[in-house]
Amino acid sequence: MMIRSPFGTFRPGSQDAAGSREESTVGVPAPRADEAATAPPHSMVQPRTGTAALVVSRGPEQGAVFPLEQNCTVLGRHRDCDIVLGDVTVSRYHTEIRREGDGFVIQDAGSLNGTYLNRQVVDRAALAEGDEIWVGKVRFTFYAGS
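For the sequence shown, counting from 1, position 142 maps to 142 in UniProt numbering; every step adds exactly one.
For the record, the hints were derived by calculation from the structure and aren't laboratory data.
Treat the hints with care, as some may be off.
[Claimed, not checked] Distance windows between CB atoms, simulated:
#: 1; residue 1: G50; residue 2: L112; range: 29 to 39 Å
#: 2; residue 1: R124; residue 2: D82; range: 13 to 23 Å
#: 3; residue 1: Q120; residue 2: Y93; range: 13 to 23 Å
#: 4; residue 1: Q70; residue 2: E132; range: 34 to 44 Å
#: 5; residue 1: G103; residue 2: V65; range: 18 to 28 Å
Note that the Cβ used here is the ideal one computed from N, Cα and C, for glycine as well.
Whole structure, please, built from the sequences with the hints as guidance.
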């Protein structure tokens, strides 16, 4: 009898020569051929000139552009957020991007898994052109729009 799971195949009671259970390799599935052809590389995606924006550089909506036209943009899992992320590692109200003066700041909204800016956990930080923002498993690139 063989049991299949997302983590590999397991045959109960099977042993290798060393006496331990068989191991199977677990990996991330490769993108389907049609997905690879339609998703633009993040270096080719540019928001409109003059408009600050977040561009999804890694995640299910890779290449999507989210203009930051409001004074406060909320990212999270809840449907009331301005940018809704369907990822269980994202809090309902995860982080906010606020316009302050001529620039933008990112502020964590008390999320469980934190907000990362350029691979560092931040509670609040100023954003600069090209900054990488991680919210859950989704990565954004910030464009100041100037």
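**Asked** Hints broken by the structure, by number, lowest first?
**Response** Violated: hint 4 alone.
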